[in-house]
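Work out the full structure: start from the sequences and follow the hints.
As given, the protein sequences belong to chains A and B, one line each in that order.
So the first sequence is numbered by my numbering: it starts at 61 and just counts up by one.
So the second sequence is numbered by my numbering: it starts at 83 and just counts up by one.
No lab work stands behind these hints, which were simulated from the structure alone.
Values in this document were obtained by computation on a predicted structure and should not be read as measured data.
Hints are not guaranteed to be accurate.
Stated by the list, open to error - Where chain A lies over chain B, by a calculated footprint (3+ residues, C-beta under 8 Å):
| id | region |
| --- | --- |
| 1 | 130 to 142 |
| 2 | 155 to 165 |
| 3 | 183 to 189 |
Where a beta carbon is used, it is the ideal one built from N, C-alpha and C, also for glycine.
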Amino acid sequence: MNIAQLAWSYLRARPLGTLLNVLLLALGVGTIGFVWIVNGQVGDSLNRDARGIDLVVGAKGSPMQLILSGIYQLDAPTGNIPLKAAQEVAKNPLIRKVIPISLGDSFRGFRVVGTSPDYVALYGGQLQSGRMWNDKMEAVLGSTVAQHSGQQVGGRFVGSHGLTEGGPVHGDSVYTVVGVLKPTGTVLDRLVLVNTESVWFVHEGALTDPDERKVVEGERQVTLVLVQYTSPLAAVSLPRRINSETNMQSASPAYESARLFRMIGVGADVIRAFGGVVLATAALSLFIALYHALNERAYDIAVLRTLGARPASIALMLVLEALMLAILGGVLGLLLAHGLAAILAWWMTQQESLRISGWVFSVEELWLLVPALLAAALAALLPGWRASQANISATLARRN
Amino acid sequence: MIRIEQLRFAYRNGSDVLRLDEFTLEPKSNILVVGPSGCGKTTLLHLVAGLLQPTAGRVVVDGQDLAGLAPRARDLFRGRHIGIVLQQFHLLPTLTAMQNLLVAQSIAGRPVDRAAAQAMLAALGVDEQAHAYPYQLSVGQQQRVAIARALINHPMLLLADEPTSNLDDEACAAVADLLLDTARRQGVSLVVATHDTRLKARVPRQLALPGRRREASA
Numbered sequence: 061m062n063i064a065q066l067a068w069s070y071l072r073a074r075p076l077g078t079l080l081n082v083l084l085l086a087l088g089v090g091t092i093g094f095v096w097i098v099n100g101q102v103g104d105s106l107n108r109d110a111r112g113i114d115l116v117v118g119a120k121g122s123p124m125q126l127i128l129s130g131i132y133q134l135d136a137p138t139g140n141i142p143l144k145a146a147q148e149v150a151k152n153p154l155i156r157k158v159i160p161i162s163l164g165d166s167f168r169g170f171r172v173v174g175t176s177p178d179y180v181a182l183y184g185g186q187l188q189s190g191r192m193w194n195d196k197m198e199a200v201l202g203s204t205v206a207q208h209s210g211q212q213v214g215g216r217f218v219g220s221h222g223l224t225e226g227g228p229v230h231g232d233s234v235y236t237v238v239g240v241l242k243p244t245g246t247v248l249d250r251l252v253l254v255n256t257e258s259v260w261f262v263h264e265g266a267l268t269d270p271d272e273r274k275v276v277e278g279e280r281q282v283t284l285v286l287v288q289y290t291s292p293l294a295a296v297s298l299p300r301r302i303n304s305e306t307n308m309q310s311a312s313p314a315y316e317s318a319r320l321f322r323m324i325g326v327g328a329d330v331i332r333a334f335g336g337v338v339l340a341t342a343a344l345s346l347f348i349a350l351y352h353a354l355n356e357r358a359y360d361i362a363v364l365r366t367l368g369a370r371p372a373s374i375a376l377m378l379v380l381e382a383l384m385l386a387i388l389g390g391v392l393g394l395l396l397a398h399g400l401a402a403i404l405a406w407w408m409t410q411q412e413s414l415r416i417s418g419w420v421f422s423v424e425e426l427w428l429l430v431p432a433l434l435a436a437a438l439a440a441l442l443p444g445w446r447a448s449q450a451n452i453s454a455t456l457a458r459r460n
Numbered sequence: 083m084i085r086i087e088q089l090r091f092a093y094r095n096g097s098d099v100l101r102l103d104e105f106t107l108e109p110k111s112n113i114l115v116v117g118p119s120g121c122g123k124t125t126l127l128h129l130v131a132g133l134l135q136p137t138a139g140r141v142v143v144d145g146q147d148l149a150g151l152a153p154r155a156r157d158l159f160r161g162r163h164i165g166i167v168l169q170q171f172h173l174l175p176t177l178t179a180m181q182n183l184l185v186a187q188s189i190a191g192r193p194v195d196r197a198a199a200q201a202m203l204a205a206l207g208v209d210e211q212a213h214a215y216p217y218q219l220s221v222g223q224q225q226r227v228a229i230a231r232a233l234i235n236h237p238m239l240l241l242a243d244e245p246t247s248n249l250d251d252e253a254c255a256a257v258a259d260l261l262l263d264t265a266r267r268q269g270v271s272l273v274v275a276t277h278d279t280r281l282k283a284r285v286p287r288q289l290a291l292p293g294r295r296r297e298a299s300a
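Right, here's the structure in full:
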């Protein structure tokens with residue numbers, strides 16, 4: 061039965077007040093924690109998907125849109141670019157590698173991406189089963205696609221036109237699933253991957269007339285290309301040259317995703333501020349409870365002093381009560397934050413949006429307990445000091 | 083056990099003064115502090131317990147001059163060597179009878195000893211109520227637990243402030259018996275501050291405090 065156990069006994073003796081303060085603290089920590097977790101997860105997700113891509117080259121339009129459509133597979137593309145123009149860019153010695161991306165169709169809401177095996181390699185994609193494509197109309201499924209559609213190696217499906225579910229079906233062009241990828245935690249998981257020729261084939265149909273074939277092949281397009289530099293110096297000249305000398309635009313994933321993150325950041329700041337207000341309310345509620353306890357327990361405190369407790373021990377008792385509430389509220393708040401993040405993650409999955417996880421725990425998030433502990437310590441400061449200064453003799457004499 | 087020399091205590095409002103020039107209490111002896119209401123009985127008890135500091139003079143308890151101790155040491159000295167029973171026999175309401183004794187051990191810096199606490203509760207006949215909370219105890223049981231708590235650290239001195247003032251004759255006699263018996267059995271000196279005339283027959287030695295005197299302003 062030490063001071064800490066005594067403090068705990070007082071918390072147990074008034075469960076409703078304790079619950080209220082724990083919930084308020086949990087709500088404050090939960091709100092701030094939720095923003096922190098989601099921010100981190102979204103940032104990680106954005107960085108993971110953009111890793112290894114120095115530049116995106118596509119049709120003129122909004123650079124943000126180009127990044128969103130080309131890297132994160134979220135927005136509609138800005139248009140297509142001629143294959144020849146893309147090949148021209150690729151000849152530049154500052155460029156190590158280009159990866160073509162051709163969009164246009166989808167399967168059950170998952171995008172069909174015409175590309176090269178380099179695209180899979182970029183995200184470290186590995187086969188769970190089957191093999192990579194060798195020919196047109198062979199498809200490799202991302203793990204999420206396979207899971208949601210139930211398609212396995214050997215399965216057949218037709219794509220529908222457009223990037224969302226419900227477009228007209230390309231009934232005569234049947235894809236065969238030849239491989240399924242392991243989960244990568246990147247954009248790859250929610251894509252149907254085929255070679256670029258497949259996308260051309262689906263939209264051109266089987267060309268029988270050799271002249272027509274020649275014309276069509278000469279006008280072939282891709283949606284955009286992902287570019288890797290040979291040297292970071294390329295960033296100085298290459299984007300500007302593409303923007304001014306060609307009919308295409310280039311966009312930097314690093315720059316645009318930082319901009320995107322800043323835009324999300326404004327919303328995050330608002331929620332974080334709200335969390336701060338809740339936490340301040342919790343501190344006030346705690347302060348009132350402790351101050352009230354001072355009067356309620358004046359005689360208890362006097363008795364403790366007659367038993368030999370020093371003033372600092374009395375103050376410590378109140379501070380410990382506040383800190384216990386802060387730890388309870390803080391831990392509950394972290395669970396709440398993860399729960400909310402998990403709900404958001406589930407919702408984003410339904411929206412075919414960025415992949416985040418609510419149940420990733422890190423040691424750093426224990427820092428989120430600090431504001432709760434500070435609020436509690438602040439709330440306990442004055443009551444603790446007053447309790448230690450109480451005139452014991454007068455309190456005892458009043459009752460006599 | 084207690085030696086008081088030239089004790090003066092000025093109240094907050096300045097002029098009222100408690101005076102006690104000479105007083106000695108031998109070990110294992112009992113005394114009643116009597117006098118009209120407001121004469122300073124409780125004040126004297128608080129001075130002996132070190133809860134108040136004298137304006138002048140010395141209070142020596144068990145060979146220790148209380149004024150010579152630092153505040154922390156004085157609190158610890160009180161916890162270890164002086165047992166205090168209050169008028170309301172106030173138990174900490176959030177703790178069981180047993181825990182009320184254990185917290186007294188802990189606060190006095192003694193090792194927590196459940197067996198000793200159980201034995202002390204048994205000595206006062208409330209061992210079966212060890213795990214009951216104060217609101218579950220009768221008034222008589224609460225008094226017994228409070229006395230057990232005052233004695234758990236084996237003090238040399240037990241101070242009781244108006245222990246019988248709100249009790250009927252029967253209860254008064256019971257509490258008086260309990261205090262005197264327990265003090266004798268535990269070998270403790272007992273100081274009872276009271277205006278209860280019923281106790282005067284039970285404790286022969288008495289210290290009568292005069293009513294508060296106004297110091298003549300010079």
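Results of checking the hints against the structure:
no., hint, verdict
1, 130 to 142, "holds (count 3)"
2, 155 to 165, "holds (count 6)"
3, 183 to 189, "holds (count 6)"
Consistency with the previously given hints is maintained throughout, with no hint failing.
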